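Chemist: Okay, here's what each chain looks like letter by letter:
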Amino acid sequence: MTGKLNLDPAKVARARELAKRAGEPVTKLATTHTTVSIERAVLRLAGLDGADQDGMPWVNRLTDAVRDAVGLEHGVALPVWDAMLAGGYPDLRTLAGQAADGQVKFRIPVSGEAVGARELALRSARKGTAAIDAQRALRSELIAATADPPAPWIYLIVATGDIYEDIPQAQAAAREGADVIAVIRSTGQSLLDYVPEGATREGYAGTYATRENFRLMRAALDETSRELGRYVRLTNYASGLCMPEIATLAGLERLDMMLNDCMYGIIFRDINPVRTFIDQRFSRQVHARAGIVINTGEDNYLTTADAVDAAHTVVVSQLLNEYFAVEAGLETWQLGLGHAFEINPAVPDSFLLELAHAQLVRELFPGAPLKYMPPTKHMTGNVFAGYLLDAFFNLCGLMTDQSILLVGMMTEGIHTPFLSDRDLALENVRYVRSAAGRLGLSFQPDPFVVGRAHQVLDEALALLERIGSEGLLTAIGDGTFGVTRRPPDGGRGLDGVIERADGYFNPVSEILGGDAE
Amino acid sequence: MTVSDVVRPYGDTTGDGRVQVSFTLPVPGVSAADRALGEGAALQLAGKMGLAPAMVVHTKPIGPDFTFFIVYGRVSHLVDLSAVVVPEREFEVLSPAEVNLRIRTSLGRKLTVVGATVGTDAHTVGIDAILNVKGHAGEKGLEYYREIRVVNLGAQVAIPDLVARAGRERADAVLVSQVVTQRDAHLSNARELAAAFAAAPASPASGRRPLLVVGGPRFDPSTAAELGVDKVFGRGTTPGEVASYLVHALAPAAGGDS
Numbered sequence: 001m002t003g004k005l006n007l008d009p010a011k012v013a014r015a016r017e018l019a020k021r022a023g024e025p026v027t028k029l030a031t032t033h034t035t036v037s038i039e040r041a042v043l044r045l046a047g048l049d050g051a052d053q054d055g056m057p058w059v060n061r062l063t064d065a066v067r068d069a070v071g072l073e074h075g076v077a078l079p080v081w082d083a084m085l086a087g088g089y090p091d092l093r094t095l096a097g098q099a100a101d102g103q104v105k106f107r108i109p110v111s112g113e114a115v116g117a118r119e120l121a122l123r124s125a126r127k128g129t130a131a132i133d134a135q136r137a138l139r140s141e142l143i144a145a146t147a148d149p150p151a152p153w154i155y156l157i158v159a160t161g162d163i164y165e166d167i168p169q170a171q172a173a174a175r176e177g178a179d180v181i182a183v184i185r186s187t188g189q190s191l192l193d194y195v196p197e198g199a200t201r202e203g204y205a206g207t208y209a210t211r212e213n214f215r216l217m218r219a220a221l222d223e224t225s226r227e228l229g230r231y232v233r234l235t236n237y238a239s240g241l242c243m244p245e246i247a248t249l250a251g252l253e254r255l256d257m258m259l260n261d262c263m264y265g266i267i268f269r270d271i272n273p274v275r276t277f278i279d280q281r282f283s284r285q286v287h288a289r290a291g292i293v294i295n296t297g298e299d300n301y302l303t304t305a306d307a308v309d310a311a312h313t314v315v316v317s318q319l320l321n322e323y324f325a326v327e328a329g330l331e332t333w334q335l336g337l338g339h340a341f342e343i344n345p346a347v348p349d350s351f352l353l354e355l356a357h358a359q360l361v362r363e364l365f366p367g368a369p370l371k372y373m374p375p376t377k378h379m380t381g382n383v384f385a386g387y388l389l390d391a392f393f394n395l396c397g398l399m400t401d402q403s404i405l406l407v408g409m410m411t412e413g414i415h416t417p418f419l420s421d422r423d424l425a426l427e428n429v430r431y432v433r434s435a436a437g438r439l440g441l442s443f444q445p446d447p448f449v450v451g452r453a454h455q456v457l458d459e460a461l462a463l464l465e466r467i468g469s470e471g472l473l474t475a476i477g478d479g480t481f482g483v484t485r486r487p488p489d490g491g492r493g494l495d496g497v498i499e500r501a502d503g504y505f506n507p508v509s510e511i512l513g514g515d516a517e
Numbered sequence: 001m002t003v004s005d006v007v008r009p010y011g012d013t014t015g016d017g018r019v020q021v022s023f024t025l026p027v028p029g030v031s032a033a034d035r036a037l038g039e040g041a042a043l044q045l046a047g048k049m050g051l052a053p054a055m056v057v058h059t060k061p062i063g064p065d066f067t068f069f070i071v072y073g074r075v076s077h078l079v080d081l082s083a084v085v086v087p088e089r090e091f092e093v094l095s096p097a098e099v100n101l102r103i104r105t106s107l108g109r110k111l112t113v114v115g116a117t118v119g120t121d122a123h124t125v126g127i128d129a130i131l132n133v134k135g136h137a138g139e140k141g142l143e144y145y146r147e148i149r150v151v152n153l154g155a156q157v158a159i160p161d162l163v164a165r166a167g168r169e170r171a172d173a174v175l176v177s178q179v180v181t182q183r184d185a186h187l188s189n190a191r192e193l194a195a196a197f198a199a200a201p202a203s204p205a206s207g208r209r210p211l212l213v214v215g216g217p218r219f220d221p222s223t224a225a226e227l228g229v230d231k232v233f234g235r236g237t238t239p240g241e242v243a244s245y246l247v248h249a250l251a252p253a254a255g256g257d258s
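Chains as they are written, first to last, in this note's numbering: chain Y, 1 to 517; chain E, 1 to 258.
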């Protein structure tokens, strides 16, 4: 598949080198800081679940109690398991209840006491990572017992707000041909600094990501996978202020893919840049362990900026996402880098430009399961024209060997899809795949397409040179991505960032880092 | 009344009344018998919709329990153009480019919006849907508008703090969203907001208090005067509507807008 564009390997290597240079200072921030959500994820992995009578999760109550008493500079684990040892509590839930009532005296244990607390913390955290490992093994078994669908995987969305409505819709979508089901999250969940509990029936334009909702949907899709004889994957969103916790719950409940972008929350949700970068590293370590494919959100840039003018920002973001992902331990097969078919159809040669962009991304990331997003910005109320545009999107995706095709709806922007919209959309994909699925093999791009791909790569290099010299945080502060300026000290969640002290201890990071195995 | 006041849909001949509709019925359509029953059901619906004669041109089962139909037919209804009522809108809904242009030409500076949820309401869903770039319902939020400066204070802002911040930011408008409605907290918060701004010193720039806009799923849009605010938005409001209203109220087009 590679080689149609004759990309200069030295330029591609230079682009990766520059992305690394831009990313390294940010990785340093992530290895010298922690966040409240990372600490809560540690408690979740160690088995602390549930919420108090007001619905506030016990992981929040316990982390807040520790923070108030001794700070989080040493991590939540040392004071928590020290208190477990000292107080003889039967479980974390009891400790959390007592701590919330102010009945627990926390301290930072030293020497021999610290050793005991560390050992107990590691033992508890290992139960969590073992549960994630078991889910990963089960996924492999289920895929072996059924079948793994051929590429491109067909990705469909459900979004009713009610998990008990989502389930039959997801099962119907799978029967109609979906290989991947994404449950859209409730608007604004990314800005909640806690993960809601339990099965939920009321959301705004989506359904809350909760552990119980994850479990219910995965169980339903397991049933449908058996019925259909192919493994249907489940996707949700590890983004926002609780990214590390949601990644952890996804691993525990065997979600298969997670939206997890290094910059999306910063640009589109005004979450503090430092918080986001620290949280995304931990969440990606968890995804790596859980065998989860991440999906990045570069398609979003093209909904705010022009898809021709900003094409190179997509490539830059993909290279940054790749650097951060690989640094956190993800393998190439887990990098669902995103891009989109969003060029204004009124632009002459728009399809050729789309081909150039899609082929460029394919050749830059040959082993990655690229996620290709359908047109949204230029879908009008003319559903007939929209159906045609979606067919061209499908054709471009197949010709350039994209891996995950989000199925476009002709009623995009009008309403959440009707049953018939989805069925027609799948008919569109099936037709294009059967009629022209192998067109990529006989397609040789002309100099216009090749030239455009080279131009985008050159522009990406120039932007990476600039980011490399001024720093990624400064570039984000300048409004380089999307259209918004996001300064490093602005946005939500900065108060949840804590610089690590000497002696900081995180049992999960030790296990995931491999040094406690 | 002229002849052209009464019209029918146009297929390929004046007055032929031909239209196309498509719909799904919750009936099976896989077996020949089911298909025949389903097409009969589709024709019955078409007849009740005023399509006579009608023809089912496409029948497609969707799963075991549903069937999709495309129907062409002649609609028997007449349209009387003289009886068409165009609802009057208080303000025109503009595109982001038009909003930006209006602010540039009319204000000659950026329009500053301060947004928050007040009281004990921790739900930022509403205010973020309107303000964040991400937006809502396929529309980008106010941050996306080049000529609007957004200061989003987030959740649980005390009203005196909001008044003070609005003054410091020289806010042209203050947007407050309320989701929690226990004991009508959204209504008492809105009144409290109006009273606090009424008591605060007017903006030195405009000589008046900032425009007060409240919104949330349980608000009745007709209650602005009663609550003492300038505008109330209800469920389903989009960022574009809010931006258009702000421009209507604060950056009128030359020659007047209302």
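It is worth saying that the hints were derived from the structure and are not from the lab. All figures in this text were calculated on a predicted structure; none of them were measured in a lab. The beta carbon of each residue, even a glycine, is placed where N, CA and C say it ideally should be. Treat the hints with caution; some may be incorrect.
Computed spacing ranges between beta-carbons, pair by pair [unchecked claim]: (1) E:R109 x Y:D148: 29 to 35 angstroms; (2) Y:A385 x E:P53: 26 to 32 angstroms; (3) Y:R500 x E:P64: 44 to 50 angstroms; (4) E:R109 x Y:G471: 47 to 53 angstroms.
Counterexamples of contact, computed for chain E against chain Y with all Cβ distances above 12 angstroms [to be verified]: (5) V7; (6) A158; (7) R168.
Covered, in the sense of this in silico footprint (three residues per stretch, anywhere, with C-beta under 8 angstroms from a C-beta of chain Y), are these stretches of chain E [claimed, not checked]: (8) 63-76; (9) 87-101; (10) 123-130.
Chemist: Output the indices of the hints that this structure fails to meet, ascending.
Modeler: Hints 1, 3, 4 and 9 not satisfied by this model.
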